[in-house]
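Using the sequences plus the hints, can you model the full thing?
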Amino acid sequence: MQALRLRIAGDYWDSLIYDGSLYLFRADGVMERYDWDSLIRRLAKRVSPDDASLVGDVLVRGRRWYSPEIRSLFASKSVRGTVTTILERLSREPLEIGRKDLVKSQILAEDMPTFPTTDLECFKSTIYCSSSDGIFESDPLRGRDSSVAFDRATDLPVAGIAASYGTLAAAAGDSGLFEMALDERQRYDWEPDFADPMHVSNRPATVCTWSQFDLVADDSRSGGYVAAFSRPEGRGRGRGAWGERPRSPLLELEEDELFHGRSGLLRGGSKSLLLATSDGTFVRRWEPYRRKAHVDLDADYLVQSEQWFEPSPRRDLPVDARIADFGIVYEYDSSLVVEANDGVRHTLRGEPANWRVFPRSQRYTNQLHVVRSSSLEVYAFWGDFFIESDARILGLPRPKMTAAP
Amino acid sequence: LTRAALPSPPYLPKADHRDATAKKSQWWVTERREEGIFRHALSALWCTDQKAWGLRIDDDFPDYLGESARDPGPVEPLAVAFFEVGNPSHGYPSYCRPGDKDAIPARVLADWLAQGLLSKAKIRKLGKGQRCKL
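Protein sequences, first through last, are from chains D and A.
Here my numbering is used: the first residue of the first sequence is 1, the next is one more, and so on.
Here my numbering is used: the first residue of the second sequence is 1001, the next is one more, and so on.
By construction, these hints were calculated from the structure, which means they are not laboratory data.
All values reported here derive from a predicted model rather than from experimental measurement.
Treat the hints loosely; a few may be bogus.
Example chain A residues on the side facing chain D (calculated, C-beta under 7 Å, incomplete) [to be verified]:
hint : residue
1    : Ala1020
2    : Ala1022
3    : Lys1023
4    : Lys1024
5    : Gly1099
6    : Asp1100
7    : Ala1106
8    : Leu1109
9    : Lys1120
10   : Ala1121
11   : Ile1123
12   : Arg1124
13   : Gly1129
14   : Gln1130
15   : Lys1133
If the Cβ cut is set under 10 Å, some of the chain D residues that face chain A in the computed set are [as the list claims (entries may be wrong)]:
hint : residue
16   : Asp37
17   : Val158
18   : Gly173
19   : Asp174
20   : Asp320
21   : Ala353
By construction, the Cβ of each residue, glycine as well, lies at the ideal position given by its N, Cα and C atoms.
The structure is reproduced here in structure tokens:
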């Protein structure tokens, strides 16, 4: 699967993209915010004036390409062929964004409240960053020229964070798995103290991901588990809508219970659980919304079909892995491997300083950000747009490429 | 006031981190080098009042200084030492896992990064408790 590749030179630590803004976290502990849309608009006009809108759409509104309207256009072979030819040409070499381009789009630069961060998250226009100093939150989106004020949400040392369903999950290493309500409306009636993180599990967790409203935690030494919750009720049944009634923890399921005695890296994705082992990758459908509310779990509802990806990209256990809309991304000791939805494997050589996908994003689900020693590389996978729903190995189902009536 | 200005605390290597005790991580460096790593950690301010974190730096490059315990295993090389500062002080190779008592403070990781002792990738892996091969 091909991707447009952007290269932004600089000594960065991490990156985020959210709602029209690119956040670059520099290796000297400064956070910079850029107007992503204008940055890409200028870049697209410079590299390919005739195709500027096409390039811009791939990089700025990736998710729109999955809309039924656009997909009905791709039902035409000639349209698909024309678009593919242009994008293939532009994907041959990385598109460079220089310091001059960046400066024109810069909105602000602020010191980070903690550095180096262990993880970053953006949810409901608030940035969260974690480290051994705790979790800090900001609201940088209130006004284009405003400065950022970070507050410490907790002093709990945290290795990984992930937000959904109005809560921020926090993997606190040997201290276990925690949750923090991010909005008063999401307050749990059984939560002892709203200001303090709620202890979900004592089991060690250095990574946390979500699968629907369940938490999926993992630790490289003690293994992974699903912290299963009761089904939230109310409106927005299919999504983590604000105002839903609280969910409460039911039980924990270990990876070997879920994957027939196997162990590896356990990660959650939309309606799926992934177990990456040295023998292969196993994926289960995971549909906790089929769970009966406020009753004990029924295994028949929990465990759906299992799918085995063979072969594993490599014969050693990954350092990390994530489920993205365009496929599965594995990190090994000195490379990243993208197992794309069309079955093609891409190896990005070199040990990344950091990397990130945005599966919960409204606009950037096709992006993979890879921080290198002296640059940020942004991959915008566009080949995924042209894969028929029933040919996709993994990921969300997409509308079929059928012509509009 | 810097730590280097304080009286140097006595250091006593512990035998069980050198005699293949299964539940203890094991040093690869000599006792003299072990103490040197501790003293350097203090002088570099990679420490708090009661804890310190050290690296083995040879010719400006980090190297493994020991290995993890056989029980529960697996045995893996370790790049960071954790020290309990007291009277006497002692230390051992450690995973320095997040949330554990020997977790490395962000301030210390930031200094290792700023000094170029470890790459961004290694710093990230240590901070997140991920497998970290030098």
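Here's how the hints hold up against the structure:
no. : hint    : in the structure
1   : Ala1020 : 21 Å, violated
2   : Ala1022 : 16 Å, violated
3   : Lys1023 : 14 Å, violated
4   : Lys1024 : 16 Å, violated
5   : Gly1099 : 3 Å, holds
6   : Asp1100 : 4 Å, holds
7   : Ala1106 : 4 Å, holds
8   : Leu1109 : 5 Å, holds
9   : Lys1120 : 4 Å, holds
10  : Ala1121 : 5 Å, holds
11  : Ile1123 : 6 Å, holds
12  : Arg1124 : 6 Å, holds
13  : Gly1129 : 4 Å, holds
14  : Gln1130 : 5 Å, holds
15  : Lys1133 : 5 Å, holds
16  : Asp37   : 28 Å, violated
17  : Val158  : 7 Å, holds
18  : Gly173  : 3 Å, holds
19  : Asp174  : 4 Å, holds
20  : Asp320  : 6 Å, holds
21  : Ala353  : 4 Å, holds
Violation of the numbered hints given earlier is confined to hints 1, 2, 3, 4, 16; the remaining hints are satisfied by the structure.
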